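Taken in order, these protein sequences are the chains called A and B. Residue numbering for the first sequence follows the numbering used here, starting at 659 and increasing by one per position. Residue numbering for the second sequence follows the numbering used here, starting at 473 and increasing by one per position.
No lab work stands behind these hints: they were computed from the structure. If you're wondering where the values come from, they're calculated on a predicted model, not measured in any experiment. A hint or two may mislead.
[Said to hold, decoys possible] Computed footprint of chain A on chain B, listed as stretches where at least three residues anywhere in the stretch have a Cβ under 8 Å from a Cβ of chain A:
(1) 546-560
(2) 577-589
(3) 604-616
(4) 691-697
[To be verified] To spell it out: a stretch of chain B is covered by chain A in this simulated footprint if at least three of its residues, at any positions, have a beta carbon under 8 Å from a beta carbon of chain A; those stretches are:
(5) 593-600
(6) 648-655
The beta carbon of each residue, even a glycine, is placed where N, CA and C say it ideally should be.
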Amino acid sequence: MAVAHAMAMIPGLHVLPADPAGDAGALERLARWCQRITPLAAPDAPDGLWLDVAGCAHLWGGEPPLLDHLLARFAQDGIAARAAIADTPGAAHAAARHGSDRIVPPGTQADAIALFPVAALRLPVDMVATLRRLGFEQIDALARIPRALLARRFGPIPGRRLDQAIGRIPEPLQPLAHETPLQHRIAFLEPLLTADALAIATACLLDPVCAAMERAHLGARRVDLLFERVDGAILATRIGTARGNRDPRHLARLLDAHLETVDPGLGIDAMSLIVPLADELLWQQDDAGSSVDVSALVDRLANRLGADRVYRATPVESDVPERAVRRIPALTGASATTWFNGDAPTRLFTPPRPIEALAGLPDHAPAAFTWRHRRHHIRRADGPERIYGEWWRRDAEMTAIRDYYRVEDQDGSRFLLFRQGDGVDHRTGGLSWFLQGIF
Amino acid sequence: MPLIQPHLSVTAAGIVGISAPKPRVALSDLRDTVARLERHRVSAGRKALPFGIPDLDAALPGGGLAMGALHEVAGTGADIQHGAAAAMFAAGIFARIEGKVLWVLEQHDLFAPGLAAAGLHPDRVIYAQADRYDVLMVMEDGLRHRGLAGVAAELSGRISLTASRRLQLAAEATGVTALLLRRPGPSSRGGEAEIAGANAAMTRWRIAAQPSAAPIPEVPDVPGLGRANWRLDLLRNRGGQTGSWMVEACDASGCLDMVASLANRPPTKIQRRHAAA
């Protein structure tokens, strides 16, 4: 059916361009997610998955709870799915798409699929059309035909599919390969007790792992260090980097900062280093010679202080000063928006500090104000600059007005003051004065 | 009467003539020796950032603010509590050095557009919020990262001589300029005494706001704000002179200027000559 035909039939039809490669990649990722249910998971192109759950169902309390859990998890992520369990992949494929019973009892798949349409046998589309034209609507009709006749007319495919679905010939799955994270473990002749020894061991662990990452063109994003103590306890520390990094000195410096928190007890017998998350990294920028790469510094600070305490500032389109800036991660690229031009205070108080001020209405600058029990006499002032409330943020700001003044007192200190309200309409504010910034 | 004069000395072994070296040559040799002993390496090519004010640059060794060294800046007078002018002074210095800047602070009351008005584009600044006891450690981390333009740290409270010496050595090793912005601690009253202790900074600055001139000098009655005025006090200057200067605050590119009304006067400046410490 052509797109134009479909759009004529259903007005308002939403048409998206097909992306077969993207769909295949997404299916593979879903199959990898399903590896938590069974280690043998494979995609069943174009829109299905096969999971070999022999021996796994008891972990979920039986096959029905397993199916329920799987479908619920998919529904949570917005994936509409149907599932079925059967003895053979062919029967499971057919039951999931055309059956109403979710679980086909063992050994009964021949009867279960008998009434399904022939398309459920994974035959090519034109062969299905031919079969239907010849009057074969359901699988049991096909099963009653002698195999030799079927093979002479249609080739080996229908017979093979039938036998695979019933279970006469095996159909092994091609499960996805497991991705094992890079890791290395060393055991010590004598238990280690001191932080220096642990640091040396960390360096010994990092060398082979970083070499493996270099060969695979990967950079570590998360590194876990596990300590196995003499008494059997296993301690762990974890570091993260903002960008993939495989420089052993940088990773050693980040890990050494955490070594002090490890309590060795009676001694540490063995240590392992695991890289659970790695990004593709084609070339590693050298830390010593670079002039613009601050990612190593940001990593160190983020691991010491916390990732949310290392940041940059970027402008927000807002005239209200306390909303004009927001924090972004430190390694974000250059901001494209232009910055506020003009005078802005260096220190900003959030929330603004209330003051007492004396000013002539409606638009004279204050003659004096009192803040923290000190009186400031204004010698020079600039303003008012009227900022209207952002009614789209809060209803309360629909009629709010702030009149901003930049003032200089008798000593030369400059302040940013504002008055709530325009002095004419009482709904715009209560005429209170606030100090918001110091220049 | 000249200090050293050639003289003839008669000893038992014969007549020995000694001619003393010229005083100027001896003095410069002495200066180099002292500089080597104090590890200034001023003549070894360390860069200096000139302020653009001849009086001020002449007082600093190398003709400008030494890059790759530790400098201390604080507000004085009304500005001591918040250090707003000090932050703007620091931003103006970093605006004229290429590269990224690390700004370490305890609480974030800094307003980024204020720094942008001094010429320090906020894309260049990475903020690190640290506890009081970690501020110096984070500053040293930043100083050890070669390639940064500078590190500014807002420290409330005291700093020991050892800590400041460590920061100075770290800055010298990598060439990153370090500016320490001092503010009084939360429990102090007044605060000047708390930030007045000895430390190893190359220069110590105090900035006080001064009343500014009318925005349009020809018509002084027109209301408005012109450029702010500051009084810069250089309390300590290793290898140079101390003094006070009246300057105009940073403009959009971070440059200071002499106060316009004084610019046309002959160069008499308010100066207190202290022995270079």
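* Asked: Does the segment 577-589 of chain B contain three or more residues whose Cβ lies closer than 8 Å to a Cβ of chain A?
  -> Coverage by chain A holds here, the residue count being 9 at a Cβ distance below 8 Å.
* **Coverage of the segment 604-616 of chain B by chain A, judged on three or more residues with CB within 8 Å** => Check passed, 5 qualifying residues.
* Do three or more residues of the segment 546-560 of chain B come closer than 8 Å to chain A, measuring C-beta to C-beta? -> n = 9 at 8 Å, threshold three: holds.
* Counting residues of the segment 648-655 of chain B that have a beta-carbon nearer than 8 Å to any beta-carbon of chain A, does the count reach 3? -> violated (count 0)
* To do: Go check the segment 593-600 of chain B versus chain A for me, would you? Three or more residues, Cβ under 8 Å, otherwise it fails.
  => holds (count 7)
* For the segment 691-697 of chain B, does the count of residues with a C-beta closer than 8 Å to a C-beta of chain A reach 3? -> holds (count 3)
When the structure is compared with the earlier hints, a violation turns up for hint 6 alone.
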